[in-house]
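A.B. asks: Kindly produce the complete structure, drawing on both the sequences and the hints.
If you want the building blocks of each chain, they are given just below.
Number of protein chains: 2
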Amino acid sequence: MSLIVQKFGGSSVANAERVMNVARIVTDTYKNGNDVVVVVSAQGDTTDDLIDKANEINPRASKREMDMLLSAGEQISISLLAMAIEKLGYPVCSLLGWQAGFATNSSYGSARIKKVTADRIKEEIEKKRIVVVAGFQGLNKYGDITTLGRGGSDTSAVAIAASLHADRCQIYTDVEGVYTADPRKIKGAKKLSEITYDEMLELATLGAQVLNNRSVEMAKKYNVTIEVLSSLAKASGTIVKEVTNVEKMLVRGVTKDSDVARISIIGVPNVPGIAYKIFGKLAAKNINIDIILQSVGRGNTKDIAFTTSKANSETAIEVLKSLELLAGLEIICDTSVSKISVVGAGMESHPGVAAKMFEALFENDINIQMISTSEIKISVLIDINDADKAVAAVHEAFIPELTD
Amino acid sequence: MSLIVQKFGGSSVANAERVMNVARIVTDTYKNGNDVVVVVSAQGDTTDDLIDKANEINPRASKREMDMLLSAGEQISISLLAMAIEKLGYPVCSLLGWQAGFATNSSYGSARIKKVTADRIKEEIEKKRIVVVAGFQGLNKYGDITTLGRGGSDTSAVAIAASLHADRCQIYTDVEGVYTADPRKIKGAKKLSEITYDEMLELATLGAQVLNNRSVEMAKKYNVTIEVLSSLAKASGTIVKEVTNVEKMLVRGVTKDSDVARISIIGVPNVPGIAYKIFGKLAAKNINIDIILQSVGRGNTKDIAFTTSKANSETAIEVLKSLELLAGLEIICDTSVSKISVVGAGMESHPGVAAKMFEALFENDINIQMISTSEIKISVLIDINDADKAVAAVHEAFIPELTD
Chain A
2 MSLIVQKFGG
12 SSVANAERVM
22 NVARIVTDTY
32 KNGNDVVVVV
42 SAQGDTTDDL
52 IDKANEINPR
62 ASKREMDMLL
72 SAGEQISISL
82 LAMAIEKLGY
92 PVCSLLGWQA
102 GFATNSSYGS
112 ARIKKVTADR
122 IKEEIEKKRI
132 VVVAGFQGLN
142 KYGDITTLGR
152 GGSDTSAVAI
162 AASLHADRCQ
172 IYTDVEGVYT
182 ADPRKIKGAK
192 KLSEITYDEM
202 LELATLGAQV
212 LNNRSVEMAK
222 KYNVTIEVLS
232 SLAKASGTIV
242 KEVTNVEKML
252 VRGVTKDSDV
262 ARISIIGVPN
272 VPGIAYKIFG
282 KLAAKNINID
292 IILQSVGRGN
302 TKDIAFTTSK
312 ANSETAIEVL
322 KSLELLAGLE
332 IICDTSVSKI
342 SVVGAGMESH
352 PGVAAKMFEA
362 LFENDINIQM
372 ISTSEIKISV
382 LIDINDADKA
392 VAAVHEAFIP
402 ELTD
Chain B
2 MSLIVQKFGG
12 SSVANAERVM
22 NVARIVTDTY
32 KNGNDVVVVV
42 SAQGDTTDDL
52 IDKANEINPR
62 ASKREMDMLL
72 SAGEQISISL
82 LAMAIEKLGY
92 PVCSLLGWQA
102 GFATNSSYGS
112 ARIKKVTADR
122 IKEEIEKKRI
132 VVVAGFQGLN
142 KYGDITTLGR
152 GGSDTSAVAI
162 AASLHADRCQ
172 IYTDVEGVYT
182 ADPRKIKGAK
192 KLSEITYDEM
202 LELATLGAQV
212 LNNRSVEMAK
222 KYNVTIEVLS
232 SLAKASGTIV
242 KEVTNVEKML
252 VRGVTKDSDV
262 ARISIIGVPN
272 VPGIAYKIFG
282 KLAAKNINID
292 IILQSVGRGN
302 TKDIAFTTSK
312 ANSETAIEVL
322 KSLELLAGLE
332 IICDTSVSKI
342 SVVGAGMESH
352 PGVAAKMFEA
362 LFENDINIQM
372 ISTSEIKISV
382 LIDINDADKA
392 VAAVHEAFIP
402 ELTD
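Residue numbers (the numbering used here), protein chains in the order written: chain A, 2 to 405; chain B, 2 to 405.
Treat the hints with care, since some could be wrong.
The list makes no distinction among identical chains, and a pair is therefore deemed to hold if it is satisfied within one copy or across any two copies.
[To be verified] Simulated pairs of lysine-lysine, DSSO-like, Cα-Cα distance not exceeding 27 Å: (1) K32 to K64; (2) K142 to K123; (3) K129 to K32; (4) K142 to K116; (5) K221 to K116; (6) K390 to K188; (7) K286 to K115; (8) K64 to K88; (9) K128 to K142; (10) K192 to K357; (11) K129 to K64; (12) K54 to K88; (13) K64 to K282; (14) K64 to K123; (15) K128 to K64; (16) K129 to K142; (17) K322 to K282; (18) K88 to K286.
Honestly, the hints are just simulated from the structure, not real lab data.
C.D. replies: Here it is in structure tokens:
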């Protein structure tokens, strides 16, 4: 007998029919002799509908009240799922985030889980009940409801799995697993049977929006085995764990991220500490920077370029323009760029991956604007119009290795 | 400076515009130097919408899960109202039932408040915040959410007012106060400036659905002064308190209740204990009985008739037919009846009220089927087709006394 945590996203419980479908998956798992804890998000568009209601009244509402409002969404979905499980004749109990013991910090809207005191969940499991827990929410030390931010239900599920030492944490989504590239766009894209936490983290950061990043970090920290699978298709998914058999595969996936803006500062004075002053100021404004490229200094000046999200680009430019040491310098923002990456733990010990990627791009006439590498990832910045062609070319180049 | 509890029902917060209207009433009260605690119900049709969602999945869902579901309704309305108050620039904090300290028993769907531990509310008041509390809900000893049943928000408001020793509990509704008769139907109906708890209880029980009965009982027990007034019209309402100046008025109101079924059992054996056996069995099935009439025994048999709600009538008849001692007896159910009542604490010391009422009915050719009296109330059962005419006639008869 195993203890299995299952998480279902908003689209999986969007209407009565889908709620019943989830209830069947859950009760099938229970019927096979497992203890089951289910984590659910708010139904389909509930969160957006609630945000609309708030905006109609006060677009600048406090984050505390927004969290109070939004957390009602999961309250609705857990009770409906519990009712569906009752209908199938199984014992069940729904629990809100605070009832399930989720203690968070006080960052309303993007709270971090500090601890899960799962006593109540354990009690219910001992009574042989299926436990349905509201994802995305917790309670801070003031006794106020917090939300974990978008995608937070994945993190809720992994946190419960860690706290209960669950045998597996299944994340049900609308895709069948983690693919080597977006299967809707790349014909040869293949489903991976296994992937490491680090690879998954790189893929998630790079735009393969299958799993929330924080949830993977937490799974890695507490060694929770995750399985990503579809709530609609009956098929095994992708297992995410510490070590996989990476020998066979060099590259795990090719991703595209088009929410990128490249900002260049031309003719920056070549004096010590200038990078610290620029990026320290940007960090103070909570602007996440991705790739940074600094040209070799020519004489007294050098060029500095970096990428950030499109949403952050305007604020970033304001920050730069307010810096006295950059006064009068030319600052260019280019939003017509895209970041293509290959990820794979195997590339650490296999030279030539970068060369192979660059060759594929060259053969397709695609110009590389910036390059960034980590131990298990290579990213290039290219023109956004070349993006899809680039993913296809790079994926094609690595296909021989992709046979899993 | 006073501490005022204000309660707004679902129609008062049905949409963004009305929520803003409520926010203005609340902040006006606060601006005048009062501490304000606001209790709100779920928005307009939210509760019904949630019930529809539940029915689509499982019409026989457990009451625990129904309460989990329905309590999301007030969670939405308290946060929206708090946002509206924020927009007007006032400090505010919304609290769920359990955060506000509502401890209830475990009767899901119709829980009773056992205690309000209002520490958190007091803390927020000390911080000079307007406190917005979710009505209708509490927490049982197992840490599970309960609801108080329909109209429970009135009770929530009075319970908070009692716990905080508030100076006044204002119940905002869609009528301007308590009237001598339904103002939409009876032309001469007048708004009462004051009414006693007992009179209000009789009026509420008799179908003047202004205040939830339990809330009035609680107000009486803890001596909370209630004011019933409109959230739309700026006018003083009706004060409900222990003692009013009743000298001027003999009758406080005339009411009609058409949700009545009369059940008659013909030829019941005239033996001791038979009433106990019949009504004990009905009570065991949770069937509330209103008027009971037992004919004077003739020989070995007597007739027993009683009234109950239309909804309970079928179950009542089933219960009666299952009783061995009534085997073979004729049981008649008549649902085409209506109960007309006059209520007034003054009638205790004024004889002739009943006679005056009967005279008015006689003059209008209305036949009285049953009569029931209490110290401050006289009710008669008549044909449902005569009901409106009867209310008008009785109201007219007492109008000279109604000049307030």
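A.B. asks: Could you work out which of the previously given hints the structure breaks and list their numbers from low to high?
C.D. replies: The structure breaks none of the hints.
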